[in-house]
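Using the sequences plus the hints, can you model the full thing?
Number of protein chains: 4
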Amino acid sequence: MANFEGHILPGCFFILFGLWWSVKYPLKHISRTPKKNSHVQRNIKHLEIIEGAVKVFFALVGLLADQFVPNGPHLYLYSGQPHHWVKLMNWQHSTMYLFFLISGAVDIVTYSSTLMPAGLDRFMLGIALFVEGFLFKYHISQRPMLDQHIHSMLLIAIFAGVATCFLQVFVHDNMILDLFAVCLALLQGTWLWQIGFVLYPPWGGSEWDLNDHSNLMFITMCFCWHFALAIFITAVNYSLVYCYLQNCKKSHRQIMIGLGIRKEKNAHAPLINESDEE
Amino acid sequence: MANFEGHILPGCFFILFGLWWSVKYPLKHISRTPKKNSHVQRNIKHLEIIEGAVKVFFALVGLLADQFVPNGPHLYLYSGQPHHWVKLMNWQHSTMYLFFLISGAVDIVTYSSTLMPAGLDRFMLGIALFVEGFLFKYHISQRPMLDQHIHSMLLIAIFAGVATCFLQVFVHDNMILDLFAVCLALLQGTWLWQIGFVLYPPWGGSEWDLNDHSNLMFITMCFCWHFALAIFITAVNYSLVYCYLQNCKKSHRQIMIGLGIRKEKNAHAPLINESDEE
Amino acid sequence: MANFEGHILPGCFFILFGLWWSVKYPLKHISRTPKKNSHVQRNIKHLEIIEGAVKVFFALVGLLADQFVPNGPHLYLYSGQPHHWVKLMNWQHSTMYLFFLISGAVDIVTYSSTLMPAGLDRFMLGIALFVEGFLFKYHISQRPMLDQHIHSMLLIAIFAGVATCFLQVFVHDNMILDLFAVCLALLQGTWLWQIGFVLYPPWGGSEWDLNDHSNLMFITMCFCWHFALAIFITAVNYSLVYCYLQNCKKSHRQIMIGLGIRKEKNAHAPLINESDEE
Amino acid sequence: MANFEGHILPGCFFILFGLWWSVKYPLKHISRTPKKNSHVQRNIKHLEIIEGAVKVFFALVGLLADQFVPNGPHLYLYSGQPHHWVKLMNWQHSTMYLFFLISGAVDIVTYSSTLMPAGLDRFMLGIALFVEGFLFKYHISQRPMLDQHIHSMLLIAIFAGVATCFLQVFVHDNMILDLFAVCLALLQGTWLWQIGFVLYPPWGGSEWDLNDHSNLMFITMCFCWHFALAIFITAVNYSLVYCYLQNCKKSHRQIMIGLGIRKEKNAHAPLINESDEE
Numbered sequence: 001m002a003n004f005e006g007h008i009l010p011g012c013f014f015i016l017f018g019l020w021w022s023v024k025y026p027l028k029h030i031s032r033t034p035k036k037n038s039h040v041q042r043n044i045k046h047l048e049i050i051e052g053a054v055k056v057f058f059a060l061v062g063l064l065a066d067q068f069v070p071n072g073p074h075l076y077l078y079s080g081q082p083h084h085w086v087k088l089m090n091w092q093h094s095t096m097y098l099f100f101l102i103s104g105a106v107d108i109v110t111y112s113s114t115l116m117p118a119g120l121d122r123f124m125l126g127i128a129l130f131v132e133g134f135l136f137k138y139h140i141s142q143r144p145m146l147d148q149h150i151h152s153m154l155l156i157a158i159f160a161g162v163a164t165c166f167l168q169v170f171v172h173d174n175m176i177l178d179l180f181a182v183c184l185a186l187l188q189g190t191w192l193w194q195i196g197f198v199l200y201p202p203w204g205g206s207e208w209d210l211n212d213h214s215n216l217m218f219i220t221m222c223f224c225w226h227f228a229l230a231i232f233i234t235a236v237n238y239s240l241v242y243c244y245l246q247n248c249k250k251s252h253r254q255i256m257i258g259l260g261i262r263k264e265k266n267a268h269a270p271l272i273n274e275s276d277e278e
Numbered sequence: 001m002a003n004f005e006g007h008i009l010p011g012c013f014f015i016l017f018g019l020w021w022s023v024k025y026p027l028k029h030i031s032r033t034p035k036k037n038s039h040v041q042r043n044i045k046h047l048e049i050i051e052g053a054v055k056v057f058f059a060l061v062g063l064l065a066d067q068f069v070p071n072g073p074h075l076y077l078y079s080g081q082p083h084h085w086v087k088l089m090n091w092q093h094s095t096m097y098l099f100f101l102i103s104g105a106v107d108i109v110t111y112s113s114t115l116m117p118a119g120l121d122r123f124m125l126g127i128a129l130f131v132e133g134f135l136f137k138y139h140i141s142q143r144p145m146l147d148q149h150i151h152s153m154l155l156i157a158i159f160a161g162v163a164t165c166f167l168q169v170f171v172h173d174n175m176i177l178d179l180f181a182v183c184l185a186l187l188q189g190t191w192l193w194q195i196g197f198v199l200y201p202p203w204g205g206s207e208w209d210l211n212d213h214s215n216l217m218f219i220t221m222c223f224c225w226h227f228a229l230a231i232f233i234t235a236v237n238y239s240l241v242y243c244y245l246q247n248c249k250k251s252h253r254q255i256m257i258g259l260g261i262r263k264e265k266n267a268h269a270p271l272i273n274e275s276d277e278e
Numbered sequence: 001m002a003n004f005e006g007h008i009l010p011g012c013f014f015i016l017f018g019l020w021w022s023v024k025y026p027l028k029h030i031s032r033t034p035k036k037n038s039h040v041q042r043n044i045k046h047l048e049i050i051e052g053a054v055k056v057f058f059a060l061v062g063l064l065a066d067q068f069v070p071n072g073p074h075l076y077l078y079s080g081q082p083h084h085w086v087k088l089m090n091w092q093h094s095t096m097y098l099f100f101l102i103s104g105a106v107d108i109v110t111y112s113s114t115l116m117p118a119g120l121d122r123f124m125l126g127i128a129l130f131v132e133g134f135l136f137k138y139h140i141s142q143r144p145m146l147d148q149h150i151h152s153m154l155l156i157a158i159f160a161g162v163a164t165c166f167l168q169v170f171v172h173d174n175m176i177l178d179l180f181a182v183c184l185a186l187l188q189g190t191w192l193w194q195i196g197f198v199l200y201p202p203w204g205g206s207e208w209d210l211n212d213h214s215n216l217m218f219i220t221m222c223f224c225w226h227f228a229l230a231i232f233i234t235a236v237n238y239s240l241v242y243c244y245l246q247n248c249k250k251s252h253r254q255i256m257i258g259l260g261i262r263k264e265k266n267a268h269a270p271l272i273n274e275s276d277e278e
Numbered sequence: 001m002a003n004f005e006g007h008i009l010p011g012c013f014f015i016l017f018g019l020w021w022s023v024k025y026p027l028k029h030i031s032r033t034p035k036k037n038s039h040v041q042r043n044i045k046h047l048e049i050i051e052g053a054v055k056v057f058f059a060l061v062g063l064l065a066d067q068f069v070p071n072g073p074h075l076y077l078y079s080g081q082p083h084h085w086v087k088l089m090n091w092q093h094s095t096m097y098l099f100f101l102i103s104g105a106v107d108i109v110t111y112s113s114t115l116m117p118a119g120l121d122r123f124m125l126g127i128a129l130f131v132e133g134f135l136f137k138y139h140i141s142q143r144p145m146l147d148q149h150i151h152s153m154l155l156i157a158i159f160a161g162v163a164t165c166f167l168q169v170f171v172h173d174n175m176i177l178d179l180f181a182v183c184l185a186l187l188q189g190t191w192l193w194q195i196g197f198v199l200y201p202p203w204g205g206s207e208w209d210l211n212d213h214s215n216l217m218f219i220t221m222c223f224c225w226h227f228a229l230a231i232f233i234t235a236v237n238y239s240l241v242y243c244y245l246q247n248c249k250k251s252h253r254q255i256m257i258g259l260g261i262r263k264e265k266n267a268h269a270p271l272i273n274e275s276d277e278e
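Protein chains in written order, with UniProt numbering: chain A, 1 to 278; chain B, 1 to 278; chain C, 1 to 278; chain D, 1 to 278.
If you're looking for bench data, these hints aren't it; they were derived computationally from the structure.
These figures come from a predicted structure and were not determined experimentally.
Some hints here could point you the wrong way.
One copy or two, either will do: identical chains are not told apart, so a pair holds if it fits within one copy or between any two.
Calculated pairs, DSS-like style, for lysine-lysine (alpha carbon to alpha carbon, straight line, at most 30 Å) [said to hold, decoys possible]:
| no. | residue 1 | residue 2 |
| --- | --- | --- |
| 1 | LYS28 | LYS45 |
| 2 | LYS250 | LYS45 |
| 3 | LYS249 | LYS28 |
| 4 | LYS45 | LYS87 |
See the structure below:
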């Protein structure tokens with residue numbers, strides 16, 4: 001996968017998950033306060049299970065694709081004549097997908113039963129991210145300077161994600177950690193795109209000089225801009241969800257007020273006061 | 001900004017903020033216990049919003065200044081003929097200012113509404129400091145030994161600040177963390193001055209030998225003295241605020257006693273006892 | 001012990017302890033909820049003491065074996081003519097065993113009396129693991145690349161164990177941490193086997209090229225597979241214990257229902273209702 | 001102070017403080033449970049203030065001694081002709097003592113008033129230890145291998161102490177952390193002795209080969225033995241304090257029973273039941 005598509009595709013997955021989380025977490029946190037949105041809370045549990053299933057599906061597709069692409073290893077690990085390992089890079093990607101698959105499976109089990117303690121899903125996601133970062137770390141030694149540098153930026157995003165997930169095991173439902181996880185998923189996705197565009201310029205773009213120090217300085221700064229973009233996207237989606245839920249509540253209240261007026265006609269009912277207490 | 005003023009100016013900002021915080025945090029913590037100073041608590045919230053606005057203003061000025069100084073990049077990032085990046089150092093400073101601008105904006109939103117959870121302002125300040133440290137780290141490679149060393153001391157102060165801010169997200173209103181943050185802001189400010197005086201000696205001062213090991217040992221020790229100074233300033237300001245508030249309370253109580261005496265003259269009012277319960 | 005058996009034997013100990021913990025911790029956590037299994041809770045305390053005694057026994061055997069094997073140091077540390085240290089590697093292993101011995105002794109004292117605070121047993125285990133990792137770290141310098149790499153993977157497992165134990169001092173009875181400790185014990189055990197098979201191939205197996213980069217990449221990936229295996233074993237044992245306890249409860253309830261029916265014959269007794277409230 | 005006495009003397013201070021703490025903390029924790037020893041609790045507060053004063057005294061003596069020994073800097077920092085720093089090593093030691101002096105002063109203020117929050121004394125001790133480790137770290141570069149290694153072991157003990165102190169700011173009165181701090185103080189003290197004996201062998205002892213790898217391996221292992229010794233001393237002192245307090249309680253209870261019998265003679269007094277409720 002050391003090509004343009006090999007970075008764009010996983011980047012898309014992370015961006016998609018990041019965008020979805022940037023809607024899910026605000027929904028979950030904002031809907032918690034008012035009484036009327038408790039059905040949102042219930043639906044989110046179902047969404048978590050679906051999310052886990054989607055994760056399992058994507059991971060399985062990735063795992064099988066990396067094994068059975070035309071020049072893949074086809075489950076062969078070791079070739080006897082001459083002695084050598086078969087397509088280790090594809091096997092490494094398969095290993096990464098395997099752990100995301102386990103993470104997805106744990107998501108499903110955690111949210112569909114009470115067998116597992118809350119937080120196990122975050123812990124397993126942390127483990128999957130750790131394995132990703134761990135394999136990347138040894139993946140990129142013996143490469144040109146800029147290649148190592150641009151991947152080490154990715155490692156920062158990955159290990160920050162690991163730390164966030166492990167914190168979430170102990171600090172449940174902290175909105176700041178949830179939003180930070182969203183940012184990191186978006187950052188990882190857009191950065192994978194950046195890596196693809198820098199190392200494998202598509203559409204006949206000019207090659208980057210991988211040993212130029214000013215390129216390295218630009219890439220360092222560019223990583224910060226990606227992060228600022230991720231914060232911006234998260235903030236916009238948070239605001240949109242907030243406005244949407246406020247509108248919901250308002251229209252809901254208008255309906256309730258409408259109902260209340262009708263109820264006020266038979267004002268001797270003591271139930272009215274209770275229905276006004278939202 | 002690799003000159004004397006380029007280190008003195010941001011140093012001033014940090015020292016100003018440090019001094020202001022060394023008054024704000026003691027005010028906030030000492031005024032919490034007695035009932036009579038609850039108006040201080042309310043005012044502090046307004047002060048936080050003003051502080052955020054000041055931060056946004058300074059960051060915006062810095063950002064624009066770094067772009068539109070006579071030999072700045074004027075928003076050009078890449079020059080085609082010959083291929084090279086335009087004034088990357090100015091762009092890096094602009095990036096730092098951008099994150100402090102975001103931090104200021106988040107301060108305003110956090111304290112002026114209930115939209116955001118408490119602690120998000122500290123988290124965003126931590127991110128801004130992290131970006132500062134992150135850019136500095138790659139900024140200073142390929143420099144003489146003492147230059148790298150004196151900047152790595154700065155990085156210690158910066159990353160200690162990052163750690164403090166991230167802790168404050170989970171441990172609210174801990175006085176020790178607040179006072180430590182004050183010390184670190186003062187330390188960063190005075191250390192930026194020290195860097196300016198060592199690397200770009202003003203007023204025709206003699207140059208430092210950047211490769212002398214005894215200079216390096218002195219600078220290491222000097223950093224500890226700056227820290228001791230920061231602790232000293234914080235302690236003095238804490239004591240001054242404490243004495244001021246004690247005097248306030250005492251004079252307040254004397255007024256109350258005065259009022260009480262006058263009230264005691266018409267002692268048949270049952271409300272008096274309640275007003276004495278301070 | 002720099003031979004095949006020297007890695008297989010301690011590996012067996014860690015695997016045995018890992019397997020035992022993979023039964024003990026699920027038992028402890030699942031049996032906590034229902035009232036009927038409170039006797040399991042009481043028995044677990046006795047099991048902890050026995051576990052401590054077994055640990056002391058194994059550590060003592062290991063300590064003595066490393067001293068008094070035919071080519072061991074026999075408690076001699078320093079030889080005068082010529083000046084040199086006697087069998088430092090055996091002394092290092094004895095030191096490791098000594099700390100596991102202390103850990104076992106602290107286990108016994110912690111669970112058999114109220115003298116010591118809960119968590120001290122985990123703290124001491126963390127210290128013992130730290131000493132193991134600390135000695136390993138300096139043990140393996142000046143070795144071929146793959147030898148260092150394969151041992152540095154072991155260090156990751158060991159120091160993750162240290163971190164987990166230290167967290168458990170402050171976060172008592174967290175099921176996720178307990179299960180993670182189980183995984184790490186299994187991982188350490190199977191990885192010690194892997195080291196034995198790679199560095200000292202038994203039964204006339206072909207030697208590994210210790211300086212081949214593709215071997216290093218395979219070993220990195222293989223470590224992840226060992227971890228996946230450890231997760232798998234832990235999950236299977238957890239499920240088995242869960243099913244077993246559910247069956248126990250069901251059969252217990254059937255007995256209770258049987259008793260209940262008999263009791264219902266003399267239905268005027270008010271005690272029946274209470275015995276149904278499980 | 002780069003001589004035998006220069007390591008033995010500070011080592012003695014740490015051992016003395018470690019031994020004193022190994023009595024104070026068990027006293028504090030064991031005496032907390034029974035009602036009768038509440039006077040111990042009150043006395044401990046006074047002891048803390050005295051401890052702070054002793055710390056200030058020792059630090060002041062050390063600071064002045066390092067400045068005004070015959071070949072000390074006598075407060076001169078910079079010599080003009082030729083340009084060089086005066087006795088930087090003495091200045092570094094003075095800086096360390098300065099921070100322990102601040103720590104002692106903060107101890108006194110924290111325990112003698114309610115001005116400062118609990119935990120500030122631990123925080124300041126952590127800062128003092130950090131400064132010690134920070135100065136040591138740059139102190140020992142450019143030395144022979146064993147010299148660096150033996151000091152890096154010391155750094156482990158110091159930074160473990162820093163981490164423990166910072167944890168104690170947030171986790172008050174945790175017996176495990178207190179006992180660990182005791183062990184680390186003893187370890188640091190005895191290890192300073194070890195450094196003195198290895199690097200500056202007294203009484204005509206033979207010199208150590210500072211570049212021999214087996215010496216390095218022995219020193220690594222020796223550090224673990226020092227730690228085991230520190231754990232042993234702490235455990236013994238803990239047990240002694242426990243036995244002493246149990247005896248106190250027993251003899252106290254016998255007195256109380258004796259009083260009780262006398263009181264039982266006039267058994268109509270309702271006060272007797274209350275006095276039995278210990």
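Query raised in the report: Looking back at the hints listed earlier, which ones does the structure fail to meet?
Result: Hint 4 contradicted; others consistent.
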